[in-house]
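J.: Listed here are the chains, written in short residue letters.
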Amino acid sequence: MPVIVREKAEKPFVPKPDDDLLVCRCEEVTKGDIREAVHAGLRTFGEVKRYSRVGMGLCQGQTCQRLVRHIIASELGIAIDGVGRVKGRAPMEPVIMKELALSRRDSKGVDDYAE
Amino acid sequence: MRIASHPVIEDYVKGKPVRFFFDGEEAEGCEGEPVAAALKALGVKIHRYTVNRHEPRGVFCAIGRCTDCVMTVDGMPNVRTCVTPLAGGMRVETQDGLAPLKARRVE
Amino acid sequence: MKRYEMIVIGAGPAGLSAACVAAEAGMDVVVFDENQRPGGQLFKQIHKFFGSREHQAGIRGVKIGENLLESAKNAGVKVVLGATVLGIYKNKELAVRFGGAVHNYKADAVVIAAGASENMMTFDGWTKPGVMGAGAAQTLMNLHGVRPGKRVLTVGSGNVGLVVSFQLLQAGCDVVAIIDAAPRIGGYGVHAAKLARMGIPFHTSHTIVKALGGDFVDGAVIAETDEAFAPKPGTEKNLDVDTICIAVGLSPMSRLADNAGCDIVYDGAKGGYVPLLSDEGETSLSGIFCAGDVCGIEEASSAMIQGKIAAAAAARDLGYLSGEDFIQKTGEYKDSLKKIRSGMFGPESKGRADIARTDEGYPLSRSLLQRGFIADDEVTGFPSIAHGGGTRAVIECTQNIPCDPCQDICPQGCIEVGENITSLPALTGNKECIGCGLCVGVCSGQAIFLINDDFEAGYGTVGLPYEFLPLPEKGAVGRALDRSGKEICDAVVVETVNSKAMGKTPMLVMKVPTASLAGARFFRADADGARKGG
Numbered sequence: 000m001p002v003i004v005r006e007k008a009e010k011p012f013v014p015k016p017d018d019d020l021l022v023c024r025c026e027e028v029t030k031g032d033i034r035e036a037v038h039a040g041l042r043t044f045g046e047v048k049r050y051s052r053v054g055m056g057l058c059q060g061q062t063c064q065r066l067v068r069h070i071i072a073s074e075l076g077i078a079i080d081g082v083g084r085v086k087g088r089a090p091m092e093p094v095i096m097k098e099l100a101l102s103r104r105d106s107k108g109v110d111d112y113a114e
Numbered sequence: 000m001r002i003a004s005h006p007v008i009e010d011y012v013k014g015k016p017v018r019f020f021f022d023g024e025e026a027e028g029c030e031g032e033p034v035a036a037a038l039k040a041l042g043v044k045i046h047r048y049t050v051n052r053h054e055p056r057g058v059f060c061a062i063g064r065c066t067d068c069v070m071t072v073d074g075m076p077n078v079r080t081c082v083t084p085l086a087g088g089m090r091v092e093t094q095d096g097l098a099p100l101k102a103r104r105v106e
Numbered sequence: 000m001k002r003y004e005m006i007v008i009g010a011g012p013a014g015l016s017a018a019c020v021a022a023e024a025g026m027d028v029v030v031f032d033e034n035q036r037p038g039g040q041l042f043k044q045i046h047k048f049f050g051s052r053e054h055q056a057g058i059r060g061v062k063i064g065e066n067l068l069e070s071a072k073n074a075g076v077k078v079v080l081g082a083t084v085l086g087i088y089k090n091k092e093l094a095v096r097f098g099g100a101v102h103n104y105k106a107d108a109v110v111i112a113a114g115a116s117e118n119m120m121t122f123d124g125w126t127k128p129g130v131m132g133a134g135a136a137q138t139l140m141n142l143h144g145v146r147p148g149k150r151v152l153t154v155g156s157g158n159v160g161l162v163v164s165f166q167l168l169q170a171g172c173d174v175v176a177i178i179d180a181a182p183r184i185g186g187y188g189v190h191a192a193k194l195a196r197m198g199i200p201f202h203t204s205h206t207i208v209k210a211l212g213g214d215f216v217d218g219a220v221i222a223e224t225d226e227a228f229a230p231k232p233g234t235e236k237n238l239d240v241d242t243i244c245i246a247v248g249l250s251p252m253s254r255l256a257d258n259a260g261c262d263i264v265y266d267g268a269k270g271g272y273v274p275l276l277s278d279e280g281e282t283s284l285s286g287i288f289c290a291g292d293v294c295g296i297e298e299a300s301s302a303m304i305q306g307k308i309a310a311a312a313a314a315r316d317l318g319y320l321s322g323e324d325f326i327q328k329t330g331e332y333k334d335s336l337k338k339i340r341s342g343m344f345g346p347e348s349k350g351r352a353d354i355a356r357t358d359e360g361y362p363l364s365r366s367l368l369q370r371g372f373i374a375d376d377e378v379t380g381f382p383s384i385a386h387g388g389g390t391r392a393v394i395e396c397t398q399n400i401p402c403d404p405c406q407d408i409c410p411q412g413c414i415e416v417g418e419n420i421t422s423l424p425a426l427t428g429n430k431e432c433i434g435c436g437l438c439v440g441v442c443s444g445q446a447i448f449l450i451n452d453d454f455e456a457g458y459g460t461v462g463l464p465y466e467f468l469p470l471p472e473k474g475a476v477g478r479a480l481d482r483s484g485k486e487i488c489d490a491v492v493v494e495t496v497n498s499k500a501m502g503k504t505p506m507l508v509m510k511v512p513t514a515s516l517a518g519a520r521f522f523r524a525d526a527d528g529a530r531k532g533g
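Protein chains in written order, with numbering that gives the first Met the number 0: chain A, 0 to 114; chain B, 0 to 106; chain C, 0 to 533.
Accuracy of the hints is not assured; some may be wrong.
[What the hints assert, rightly or not] The calculated lysine to aspartate or glutamate pairs, modelled on EDC-like cross-linking and capped at a C-alpha distance of 20 Å, are:
| hint | chain 1 | residue 1 | chain 2 | residue 2 |
| --- | --- | --- | --- | --- |
| 1 | C | K503 | C | D353 |
| 2 | C | K62 | B | D95 |
| 3 | C | K77 | C | E53 |
| 4 | C | K105 | A | D105 |
| 5 | A | K107 | C | D107 |
| 6 | C | K209 | A | D19 |
| 7 | A | K10 | A | E35 |
| 8 | A | K15 | C | D123 |
| 9 | C | K503 | C | D525 |
| 10 | A | K107 | C | E92 |
Hints in this document: simulated from the structure, not taken from any laboratory.
Construct the entire structure; sequences and hints are all you get.
T.: Dropping the structure here:
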């Protein structure tokens, strides 16, 4: 495993009036939380996500991902495509355990399940 | 809030009227329409209160993406009401954090 | 593991079109869609489509959806609804959830047509019930028959914001205002014009600052924007609304392609992260194709063609289509795609603010771009807005958008767009208009008016598209509104044309004084709320 070293910014964190604005609606992460994560040295969406839980709620970042990328890019003063994305991973949406437990490798054709 | 007549849409694909329970009170909707649509038609705006800030949330994307409209349905929390078809006898409850609201709030 | 020759993800315009082409070529095709109903956005798109005959121009999205489902059924396509594709794994294996369990299938070819998701913007109070995506409003009213609210503010003046605002009015809601942070309206001028003439105000260079209210929205604060799109202090205005619709663009849903391992690139012009594709829509992984908004934000017409191209390529690769047939088929598809992508709103011009003139050299109406209506002094310059003499069509179509059904429908050949479907329509001048009103009904932008100067002494008539309930009856009295929605004179309805050929866009003919013929563009009946449906 490569070790990623991140250092806190040298300048003190400067609060802004809209830091209390919710950005991630699911996990209730604010703009200030994201800015602080960047100030703490985190550079990409993936890093900020693991640090702050932004985009880790029920909707899996489908609503806030773009907003968060913009905030990170603006904090770092870089272009939006430099922030990276969250890799699309299965399952695409939360699945209840029972359904996963009923996962079948030997599924019949879809016609056989028709009501 | 239901649209009785529309200049372009002749009729909406709707099931038969059914009774269900919203926060313990009997209500009416159409079978098969999303629970959220039935609630919207009744004028319900608040579907849940969030875990941390206890802030109200309602329908936001209406297509099952954002999960803001989740409620407790037949005892199961976090059910996306905008993509869950309404069925007769369904128990739909405003969700408070992850649990149903104990008592119905009076607006 | 059960194997299908083609698995399509998404039963919207792109996915269904792909499935039809593959199934017609003889492939065993299954389509998975997470929704309870197929059709994607088509069944919410109750407006008439733009384009040419081959793009089904002048036909409503709903009808196009019905036709597509019918074709899919006839071709033997299996559509499984309520089925979410959870992941795409090595060797084109898919995990699909439906019927309370997760099933695994293998495909020889996969077409990802998962569509797009709505962009959002943050502002104080944006999480309150009553703030929603424009798509949510459209879903509630057009699919489920429920009004999203009573008084609505639309944020964003792209085509989605404009079309949804008009549909809100058709559903019986009030649209209080449409705002856009940019200094100009983003969508088609014709879409803006049909709202402006009903008196809906446009505030360009404005943004939303705050959603007011306690547990839900009971107002909104908007403010002017500076060059950086930030609100200017001191310019705040309060609006009395209970619903705020956000229409600030879409992002491609490329997550599944990403999950499959396809190369993904960031392309701002396409709306975000998109799969890297060949001309045929194939991703970096052989046999995995993408079509529709997943590849970059466009609209349903191009999505359908992209789906066909991808499926034809898959059919060729699997031996269901000969090389010659493929070239012949896709040649037509590609020509059709090129046509629909042309013009000042096409993907290549997207976001350009420097276009000042039409292809023909006419200066664009600045008032249309800023306020949603052509100013009186700008109106006369266009080729189809000539005045004087008998009955004739006045076509207030002043931007190069890809659309030509007016040319096809006129039984007299009075209207000419020409080979290039983005050209402004012109009146040929050598043919006699019979006043049938078919052009008024077919125009997707509702930009055609039928003017008759010689109705009776001192009066003429204006025929206008009127897609609202109740349709005023002959003899109804009211006021004529001009392009900006201002009442300019009394008006009496002398006729309504609502034959089947009008396609549910009735033409209302109102009598106004001759002096008002050039300006009167909408009718408001006197009776309380008569304009509203439902």
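J.: Tell me, in ascending order, the numbers of any earlier hints that this structure violates.
T.: 1, 2, 3, 9
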